[in-house]
Amino acid sequence: MPEHTLKRFEDELTSLKEKILAMGGLVEKAVRRSMKSVLQVDTSKAQKVIDRDRAINALEVEIDEMTRSMLALRQPAAGDLRLIIATIKIVTDLERSGDLAEGIAEAVLQSEENPLTHTSTIETLADLVIRQVKDALDAFARSDLDAALKCIERDKKVNKLYKAMQRENLTYMLEDPRQITAGLLASTIGKNLERIGDHAVNIAEMVIYMVKGHDVRHVDHKTAAAILSGELDED
Amino acid sequence: MATDMKNKLTIRGLKLWYGDFEALHGIDLDILAGKVTAFIGPSGCGKSTFLRCLNRMNDRIAGCRVEGDVLLEGNDIYAPDVDVVQLRTHIGMVFQKPNPFPKSIYENIAYAPRIHGMVQDGPDMDELVETALRKASIWDEVKDKLQQPGTALSGGQQQRLCIARTIAVQPDVILMDEPCSALDPIATAKIEELMDELKQEYTIVIVTHNMQQAARASDYTAYFYLGDLIEYGETSQIFTAPSNQRTEDYITGRFG
Amino acid sequence: MSDASKSNALRADLRADKRKRRRARADMRFKWYGLTALGLAMLFLVFFFVDIISKGLPAFQQAEILVQVSYSESVKSNYNRAVDKRYRKLISRSWLRTIPMQLEEHPDMIGTTAEQWVLADYRVDQFLKGHEGHKLKKKYQKLVRQLQEEGKVRLAFNSGFFSNGDSKLPENAGILASAVGSVLVLLLTMLFAVPVGVMTAIYLEEFAPDNRFTQLIEVNINNLAAIPSILYGLLGLAIFINFMGVPRSSALAGGLTLALMTLPIIIIATRAALRAVPESIREAAYGLGASSLQTVWHHVLPLAMPGILTGSIIGLAQAMGETAPLLIVGMMAYIPEAPHSILAATTVLPAQVYTWSGESIRAFEERTAAGIMVLLAVLLSLNALAIRLRNRSEQTW
Ligand SMILES: Nc1ncnc2c1ncn2[C@@H]1O[C@H](COP(=O)(O)OP(=O)(O)O)[C@@H](O)[C@H]1O
Ligand SMILES: [Mg+2]
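Residue numbers (the numbering used here), protein chains in the order written: chain A, 64 to 298; chain B, 103 to 358; chain C, 4 to 400.
If you want the ones that stay clear, here's a sample from chain C, every Cβ over 10 Å from chain B, calculated:
| id | residue |
| --- | --- |
| 1 | Ala40 |
| 2 | Leu43 |
| 3 | Ile55 |
| 4 | Arg84 |
| 5 | Glu107 |
| 6 | Thr116 |
| 7 | Gln151 |
| 8 | Ala229 |
| 9 | Leu238 |
| 10 | Ala241 |
| 11 | Pro250 |
| 12 | Ile271 |
| 13 | Arg278 |
| 14 | Ala336 |
| 15 | Ile390 |
Distance windows between CB atoms, simulated:
| id | chain 1 | residue 1 | chain 2 | residue 2 | range |
| --- | --- | --- | --- | --- | --- |
| 16 | C | Phe216 | B | Ser145 | 32 to 40 Å |
| 17 | A | Lys219 | B | Asp171 | 52 to 60 Å |
| 18 | B | Asp330 | A | Lys219 | 40 to 48 Å |
| 19 | B | Arg114 | C | Phe216 | 34 to 42 Å |
| 20 | C | Ala279 | B | Ser145 | 20 to 28 Å |
| 21 | C | Ala279 | B | Asp185 | 28 to 36 Å |
| 22 | C | Asp20 | A | Ser132 | 47 to 55 Å |
Under 7 Å between C-beta atoms, here's a sample of chain A residues computed to sit facing chain B:
| id | residue |
| --- | --- |
| 23 | Pro65 |
| 24 | His67 |
| 25 | Thr68 |
| 26 | Leu144 |
These are calculated hints, taken from the structure and not from any lab test. Treat the numbers as computed from the prediction; the structure is a model and nothing was measured. Every residue gets a Cβ at the ideal spot worked out from N, C-alpha and C, and that includes glycine.
For reference, chain A alone in the conformation it holds in the complex:
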């Protein structure tokens, strides 16, 4: 895209993108770190996640402020407008993801005495979700539709795995009531991870809207792909 005639607006747009990516980076790290604290039963890491969430919240406020003033002062249109609208939504998703990571960390702190007993499925789930978040952020950074579609596609696997994990977890708890505390912890973590994945999907969808101007929310992945390839008209 050629440079904006108004240099200051161009600078603002660039800095807005950088801020989102920085915030995304923090969120991704928070998820990773919270999972480490789970797996390594490391309360100091969990504490760190909780402390760092403040930075994420601050960035959210800052980005909101920026988008507000850009809307008021620059009257953006077309691509610029879509970027700003996408930003407004993405920022909420990121902030929620941050909170969910914090939720995991808090759960770790509360169940310090009863760490997880079965970690393999939850670890796989975490890997998938973290990759989803990474894909969404990459898609945003590079306006990469493939990455966005990959992120959305991955969500099906995440959901499947999440359901499997909960079933598995239930069998453990039924087998051995002493496992119930750990089971509840696993359930919380799994649920949070699944929701972080949903937020990543939202972000990916907003990236598609931002790049293409098509709203692909609430349609299945195949239809979304078809819309993007221009085979299908929305209405």
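Please arrange chains B and C with the ligands on chain A, whose structure you already have, making use of the hints.
Only chains B and C with the ligands this time, still in chain A's reference frame:
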């Protein structure tokens, strides 16, 4: 584009030359009845030229030649048996600079209906003048000074007077060439509001270099560039997700 | 650079140094050149006015003598007998000549005598006004002095100057014939030049296509305004007198000739006035479906009218002061009678002034100056009218 809506003006392959200079390179466009259509584009891209083709104002320019079809509800306005003067009573025009006649407000409105023999002077004319001024939302401001010169009004009032003057002829289409470029934001807002009301009865085509105005006031937007129609579509689509990169660059201010 | 040194540099830059003072002096000098030129022009003007007025003012008074007039029967055949021989030479022959005619008209006057103020000879007039070269003989000088002591000589308002035509006797010469001639000629000029000029201008400005032919016409019209006016006289002679058979010296010949001369001025002024009407007014009218004729007639022309009138008046004023072309069509003649038709021999004010200025009798000199004063007064009033109209046209729309 939905098919149930009716074309007011249909333009096909319109080319225009000023002497040897080809100012329009074959424009195809449908202007829908009862809608506000905005023409945007950088200066000198032919917006005014195109607009003036629609009521043959370009006829007055020496060396100006037009090719292609402009159909008003299916009737070719460039057909040899068309009377230009009569055509302009169907397709009226409002100009960039408010240009009331240096006569009274009343006379400004009454002039055209009188020369076209629409009504006789007297109570009928009074009524027509009032109706036109009311439709142009300026009646309340001028009803006590109808005999004062139209040129004594403020810029925004003058422009609404000019719109009233155009309405008085009861045209089908009103063409406006940058009608707000000489006005302050409040006066501009009033004109935009007025356009919104007028489109119930008239088809409005407006040239504007103010993209926000096109976005605010129009239903359809056409983007012109160097004598070509680059993109045409619903305003909300053009301003959120234009399909042409040049349109996108222009409306996001990346034109340079 | 620190703030302080920046401020110092600024102060140094603002301070007047040699170069800046030189620049200021050059400005001053230029202003003074202008003022000098203006002063010089004013000086000439004042000199001209003082000269003309001081020479011309006395012409508005004329000497009269109180004498005993006897209207006897014999006066009918020899008007010299009407007054005492002693005074006869002091009295204007132009008055004496009229006595028989008066008696024809009023037979009841025959046999009466009356003491009345009668027009004095121009020599007496000049002597009384103290002009050198009055040519009044010594013995009459004494007589006039004596009459003056008796209160029988006076300088009275010269109504004859406005009510008489030209005459070989200066005391009897007036501007009536030439003034009427001027009015007639001017009316004819206006009648021909204004409609033709305005119509031509409207056509060229509003309707004519912009091609070689109209450009040629345009260039020629502009050039016509600049050619020496005497050529119009030759043109008038060739067309109106030799070809169309208009009588020589007639107001018609003069009016047509001057109309030719004024035409380009009116066309140029009218086109300028039309061009000054904003295009937006025409667009407004066309946009409402007015035809070309309606647009021009209802909107453009009314707005251009003051400009057109101004131009026309200036053209007419110029025509009024013109002599050269009239010389050629024979209007520079001795014509004592006010014309009674546009085909009769006519002269005009400037021609009259010119004729008087060539007379050998010194008494005509003051009449020449007085004639110029009248001419100037008329021209200045016309120009004042033009300026007023122009100011009115300066309204914005
Ligand atoms: N009367 C004219 N004669 C010659 N060229 C003209 C005339 N009017 C406009 N043009 C040229 O046509 C092009 C389009 O002009 P215009 O329609 O006024 O542009 P816009 O209204 O989009 O700014 C410009 O290049 C302009 O120079
Ligand atoms: Mg224009």
